[in-house]
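Trainee: All chains should be modelled from the sequences, with the hints used to inform the complete structure.
If you're matching them up, the sequences are chains A, B and C in order.
Position one of the first sequence corresponds to residue 1 (our numbering), numbered consecutively onward.
Position one of the second sequence corresponds to residue 10001 (our numbering), numbered consecutively onward.
Position one of the third sequence corresponds to residue 20001 (our numbering), numbered consecutively onward.
Be a bit skeptical, because a hint or two may be false.
In the SDA-like style, the derived pairs of lysine to any residue whose C-alpha atoms are separated by at most 20 Å in a straight line are [claimed, not checked]:
| hint | chain 1 | residue 1 | chain 2 | residue 2 |
| --- | --- | --- | --- | --- |
| 1 | B | 10027 | C | 20088 |
| 2 | A | 231 | A | 176 |
| 3 | A | 54 | A | 193 |
| 4 | B | 10172 | A | 236 |
| 5 | C | 20039 | C | 20073 |
| 6 | C | 20284 | B | 10159 |
Since the hints were made in silico from the structure, they are not lab data.
One-letter residues, chain by chain:
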Amino acid sequence: MVEHTYAATQAVVTLDVPIPQVIWGWMITLNMWAKSIGTGVVLIGAYLLARHNKSTNDSVRKNMPIISFVFLNIFLLFTLLDLHQPLRMINIFLHPNWSSAITVGAWMATVFTGIMFILSLISVKKYILKKECNLTEYYDTLLKIAVILSIPVTLYTATIMGEATARELWQTPTELAQMMLAALLCGSGIFLLIGRGYEYEAKRDLAIILGLSAFFSLLIYMGEYYFGHMKAEEASATIAFIREGGIYNNLFWTGQVLAFILPMFLVYISLKSKSSSLLTLASISAIVGLFIAKHVWLIIPQLLPLS
Amino acid sequence: MKLGFLVDLDLCMGCKACEIACKVENKVPLHSWRLRVKYVDVGTYPETKRTFTPLRCNQCDDAPCERICPVSALHYLENGIVNIDKDRCIGCAGCMMACPYGAIYMDPVTNTADKCTFCAHRVATGMMPACVVACPVEANIFGDLDDPESQISKYIMQHQKGSGVRVRKPEKNTHPKHFYVGSSEVNLNPLASKREEGFNLFNNITHLEHIGGH
Amino acid sequence: MFKSRRNFLKASAFTVGTVSIGSGVFETILKAEEKELPKFTNTPKSLNFYPPLNEWDDFKELDGDDWKRGGIERNGVQSNENPDGIKVNDYFIVPTACNNCEAGCGLTVWVDKKTLTAKKYMGNPLHSGSRGRNCAKGYATWSQMYDPDRIPFPLKRAPGSKRGEGKWVRVTWDSAMKEIGPKIAELLEKGDEVSRKMFIYQVGRPNEAGFSGKVPHTLGIDGFNSHTNICSAGAREGSIQWANDDRNVPDWANTKLIFLQSSHAADAGHYFQQSAGFIADARKKGAKMVVLDPRLSNSAGIADLWIPLWPGSEAALYLYLANRLLNETTLSGESLVNHEFVRDWINWPVLMRDKKYLNFIKEKGYIKNLPKDESYESFIELLKEMYAPYTKEFVVKECKLEGQEYKLDKLWEMIVYAGDKIATYLWRAGTIAHRGGWMNTRAGFLVMALTGSLRGDVGGISWHHWHHIAVNGKWFGATKAGKAPGKVDTWNDYSWPPEYPLSTYEMSFLFPHLIMDDEWRKKWQKKGIKVADKIAVWVPRVYNPVWINPDGFRWIEALKREDKFELTFNLSPTWSETNWFCDYVLPVGLSGERHDEQSEPSTPGQWCAFRQPALRVALEKMGWKPKNPSRGTLEAHMKAGLGEVWEEVEFWATLFAEYTDPTGKLGLKKYWTSKKTGKTITIREFYQENFSHVPKLKEAAEAAYPNSDAPCYEFMRDRGAWTEAEAVYKPQEEEIPFDGENFIVHGKKVSKSEVEKDEKDVLLHEGKPFGVLINGKVYHGFHTPSKKLDFYCDWLANDYQWPEYAIPIYPTNEKQRKDMIHIVSQVHYDYIKKDNEFALNTVFRLPYNIHTRSVNSKHLMEISQNHNPVWINRADAKKLGIKRGDKIRVKIVDTVSGLESGYFVAMAVPTEATRPGVLANSHHAGRWKLKNAVEIPGFKHKLGVMGLGTPLYDMSMDGKIGKIKAKEGIVAGMKKREDSWQFKEINKDLENIWWDGLTGAWQNAVAPVHPDPIAGNHAWHQKVIIEKAQKGDEFGDVYVNYENNFKTFQAWRDKLTRPINEKMKYRRPMWIKRPATPLTERAYLNPLYKG
Ligand SMILES: Nc1nc2c(c(=O)[nH]1)N[C@H]1C(S)=C(S)[C@@H](COP(=O)(O)OP(=O)(O)OC[C@H]3O[C@@H](n4cnc5c(=O)[nH]c(N)nc54)[C@H](O)[C@@H]3O)O[C@H]1N2
Ligand SMILES: Nc1nc2c(c(=O)[nH]1)N[C@H]1C(S)=C(S)[C@@H](COP(=O)(O)OP(=O)(O)OC[C@H]3O[C@@H](n4cnc5c(=O)[nH]c(N)nc54)[C@H](O)[C@@H]3O)O[C@H]1N2
Ligand code: SF4
Ligand code: SF4
Ligand code: SF4
Ligand code: SF4
Ligand code: SF4
Ligand SMILES: [Mo]
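Mentor: Okay, structure coming up:
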């Protein structure tokens, strides 16, 4: 019997079942975005405490845990909401599968959120209610643990994406860097928003972190944008969605401009003019823009038919 | 025991008997498929050809879906089948993101992930999978890859020539246990054909919303 | 009770093994029987296709749905000790036969004993045609069974409402029979000739072997009206002319060349999946496959060679092949013609002796010289000369294959390679789609005759009679009558109008036209033909004529006329466009819910299958008994919760014996009452008698069930299929035993003295031919009066007015095409000139759809979505600026009357998969309904109407113009009626319906009828003009001027036919088939005859 051989001239799918639309949608974007803030503020907060203790100490100690805790809860809430069986989340603790980045992440995030909860308690009691808190003595130790933990907590989503073998676009080293940069971008952005009264040096450092995170993020995205197609056929087809003519071209660039290009530009001007007034705008732009940039990146590989 | 599946694409005629037999056997709800048979038209008139490719779970030996599943709802059976446990599943869809073959769906009735299990319940009854029995042209071959005397092992040995025996996306290192004879790029690589959204010759080529959950 | 049954079966299972059984999956069964089945382990020692027969009454299998909880490794197996284990289903596996197409494949119904529901349908490994396998439509029987919109009880048009208003009331079977029974009795009481034409049983595919025809036959009425003329008349006409047989039988599995002018390998075709399986077997062994089809069917898509010829030009191609076979030789100089076969088995001597005819064809220019003598050699010379004009150049032009000459070369190589091992099944495609399509069959079989493939040897082509077991109408031995009714003494002019004496068969699709053509009726009445003015009782069965025939509005127009159709009822499990316009809808069962014996010539052997109501069989095996033994199927279905669903056999028996002729005075009752009990016959008695007419089956059954009062019935009940013979090759060459004194003809002695021999060397007994003398031996021969294959049909030339077509022929130039218009397609390229003019291919199937039955299966609808785009060649589309998804108007224009029919609005899909100049549009979509659901007074639920696959439409018609327009899609329609109440547990997924079905178009509505003047087939293809849709046009819009269509009907009838005249003694040759009611000679007599 003949083997089928085909001229590769033309091949069109003429019958198929529908394939699923985007599986991980805006909730997952929100999840990643909120987590970047939740961990970012801890990383940057720790930095401020270490380097600019004087003008930031109280503000950081008060705000960091609360902001982190709030965003971690947004993150957890939407993680849960995105589950088709949210009530069964408990199974992650009853039947953990340790090869799964989701499991590892969930455990770490839970511990991290726990720590943030205690830190927030202390913060609320001590700084807001201005009462004595007998947990205060653990604050620093807990913070140290939190700082260390915040790194894997912010990174693990990248590992999940790495384990998402189906999506050629997301590969572990780049995604890891991207996650880290997102946390730094958000952390510095948040502190620039709440730390308007900090000393200039602190704000300058924050601006530099913001600017550099934006720069390196942009670098990574541009690297993918221009060279990603060389990685694999799938990556190339994915990137086509954001390249010229692709359906996500506009949104992609909106994200890049808001999240990275505009903040970089504003940071540059503000550093040059030694004025911090533009930094608020830069921060807002970065944080909003990051949502868009992440969302586009999450969606596009899901548009490809896998089979 | 390592159960494997093989489809001879030189025989498959795209009748979709297997697809429906599977739906009935496994109560696969509307809007979901454990198995689909895709048609791709190739070439220009008058040298046009039509290809049919049944697509189901590969029961990968190194299954990313099993790896990513946080609760081991996806798990290996002794016979090599990647089985699934809907009571355990939390519905995170991680497996859907991980399976490079789009083999997993979210069952809209149970609201949990599901996929082809090589009819593990039939196997455990000593029966061939429903789609294997169903096929009018015996394009589906099923059996134990560990047993050199099984029909599938022999079929693989006998079909090394020509286009050979191939699997989908070997570069993903998932080590599929589902093989194809008589395959070309168009059959196995979804990017080798155009999948234009909208109505075509036979039906609506489209995407469906990811349903269930929220 | 179960236990003893099981042992009983076990004992008999081995008996079966020794009797003739199909091969294939069954081997696995026997093997499995030797081993103990390992039960419920993830590492079983062997895997089987089917459980062994001795476990069919008690088979345990893990539940696929429950397994989803993680299987037995995590949960164990369910038992008393482990109630949370994975559920085990306890099955009765009941064999039945698929009813979704005419292949009659085996099925097994897996009945869950606990819930008395069918869990699934699988194949039946004992069926030697289907070998345990089925196509998608077979497996979809399950979803049809649990269609939420199937009809749960008999319905009657609400009193006071008009037909088609959609108002219905619930009635009982008995109250329906109380009205219908006496209405039929009135006809019998009158008993005059005209009354005996006033009951019409209008059937679609019978899917049974012999019962349907007996319904009117026992009434003494000529009322059978089958659909064959829209299906396969062209092929049947050609087959009858060659072999006086209904259809040919290919030995696909052993052939070297699969020659398809159809789509058996991958789409449809008669006996679809069985053929596909055998074709695959042959291809595994190296057979080649060629497909002649203007469209890239799935079969063409996988073939070795696709020849996309212009539709209707097949005969030209075949005669070209004949020319080459006759005029070329092998490298070693041998003739390519199988002379041994041709000399012995073709009726050439009849032609060579007929000097008048030879002169006639000389005058016609078919030949230039008369043959020099009557020898075989001269015959071959004549053929050589006659077919010489069919050159490659000619055929390239005629078939429009410019640039594809290489394909003809490839085809030729294949033919030479395969020789006498070519298998084909000429059925629809070109043979049905065109005026003169039957000639394509004539020419096609000429090729097969010349190569010797038509000898019917291994890998070749045989004929229907020899491979078919028709016993579904042989129950009379069990009745009070004791024998079949006598011949019927009347002729129904609606089924067999005088214009079409040779049609194959009833002119079913013209029925509404004829009945509404007063002029026509009066014309013939004046000439002494007693045409009935109206129909008293009209019963369609497995038939949806309104939708599947051309000119649907004409059907609706006619059916609404209460003066023309006094009482109408449809035996249908489901809603349909037709029963919307009937007085009663009486729900009968689907594949697993009814009794039939069916047999089809799908293999070179002989098999028969038994269709049965699975729930009833399961119930009876569990010890349940019906209160009324002749209503077992109805009672069982009610008991099992399926609804008041009955079946035809029990229905007709009850109707006739208890309501039409309760006293027996009309002479009807005796055919439907038991000899033994005097009561209405039961299924057990009925099928015991029918199956006892199959000799080897009877023998095996009696051996297997020695103590049974109905061994044949029980044998088939438990197995569902039987193979009477496996390899029946070239039976015409079987010698008739002769002991020096007597011939043994079909087991009977016929003395030599009573035998006559005619000039054709045919032996006759009592005027009937039974054998033929060839080279000193007497053979059975073929079924023609000549006992040979008729290359030349002298009767066609001499008695039936068509001399120019009495041999395979095809016009070779435009002038000849004008003269020979009767065999030139209505869509010949002569008629198609402008860029936006096309031939429309209206004839093709989707492998996963069945005419109008897919709508009852959610699974089939999910694949196909009521979508039937117009396929247009990409280059043509580009020329016209048409893009994928564009709305286009497809306007139909007739090439005989020149009239426009109107248009339908469809979606265009440019493709490389159809040839330039020819569009294609499947009829498997474009369903409509006028209401989403019907309210039944006093019943708490609404009855949904075809919700899974049919959008809601508005319809208007005024006697001249008919229109429909979609107003709501399927999703919206289903959402609105969350009151979808039947089988809710089984259909939990219905809310996930995601298809709207709004891209379908009812093309048949626009099509005018094109009755072929000879075969009578509706020549399906249409000339169309396409244009972009206008503002406001939506997909599915239909606009039809059915008044114009009526004129087109009259034009085809009056301009092209040669009706019976004073010179003809009979209205049709008495020896050719006229199903299904045997008539007296008086009935055959032509009232016009002045002889
Ligand atoms: N899946 C499926 N199978 C079925 C059925 C069904 O509904 N669905 N119905 C059954 C019935 S009732 C029947 S009668 C059989 C019929 O089965 P077939 O005899 O195979 O007939 P069709 O499917 O009508 O047409 C076969 C092919 O002929 C091509 N064709 C159309 N016009 C022409 C022409 O002018 N010339 C040539 N050479 N080819 C042409 C069509 O494109 C199509 O691919 O199928 C049976 N099997
Ligand atoms: N344009 C176009 N039109 C065509 C064709 C084509 O190729 N092109 N093909 C033609 C051919 S070949 C054929 S045979 C016809 C087929 O035409 P039909 O025989 O009319 O079509 P079906 O849809 O098979 O069955 C008709 C009806 O039978 C009833 N029914 C379904 N299942 C059962 C059952 O199990 N028992 C009983 N008693 N009734 C049942 C339902 O009411 C259903 O609507 O269509 C013809 N129409
Ligand atoms: S094919 Fe996909 S679902 Fe199946 S085992 Fe492999 S990764 Fe898992
Ligand atoms: S959806 Fe269910 S099966 Fe899939 S990874 Fe999540 S928990 Fe596992
Ligand atoms: S093996 Fe079973 S579950 Fe898998 S595709 Fe076949 S029928 Fe479906
Ligand atoms: S049943 Fe067999 S031939 Fe039909 S689509 Fe499936 S694999 Fe192909
Ligand atoms: S080929 Fe016809 S009879 Fe056989 S399974 Fe398919 S639909 Fe049923
Ligand atoms: Mo048909």
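Trainee: Are the hints correct? Go through all of them and say.
Mentor: Taking the hints in turn, this is what the structure says about them:
1. For a cut-off of 20 Å, the pair hint linking residue 10027/B to residue 20088/C stands: about 15 Å separates their Cα positions.
2. Restraint check: the Cα-Cα separation between residue 231/A and residue 176/A comes to about 17 Å, which is no more than 20 Å; the hinted pair holds.
3. Restraint check for residue 54/A and residue 193/A: satisfied, since their Cα atoms lie roughly 18 Å apart, inside the 20 Å limit.
4. For the hint linking residue 10172/B to residue 236/A, the alpha-carbon distance of about 16 Å falls within 20 Å, and the restraint holds.
5. For the suggested pair residue 20039/C and residue 20073/C, the alpha carbons sit about 14 Å apart, so the restraint of at most 20 Å is met.
6. Between residue 20284/C and residue 10159/B the alpha-carbon distance is near 12 Å, which keeps this suggested pair within the 20 Å criterion.
Going through the hint list in order, the structure satisfies each hint without exception.
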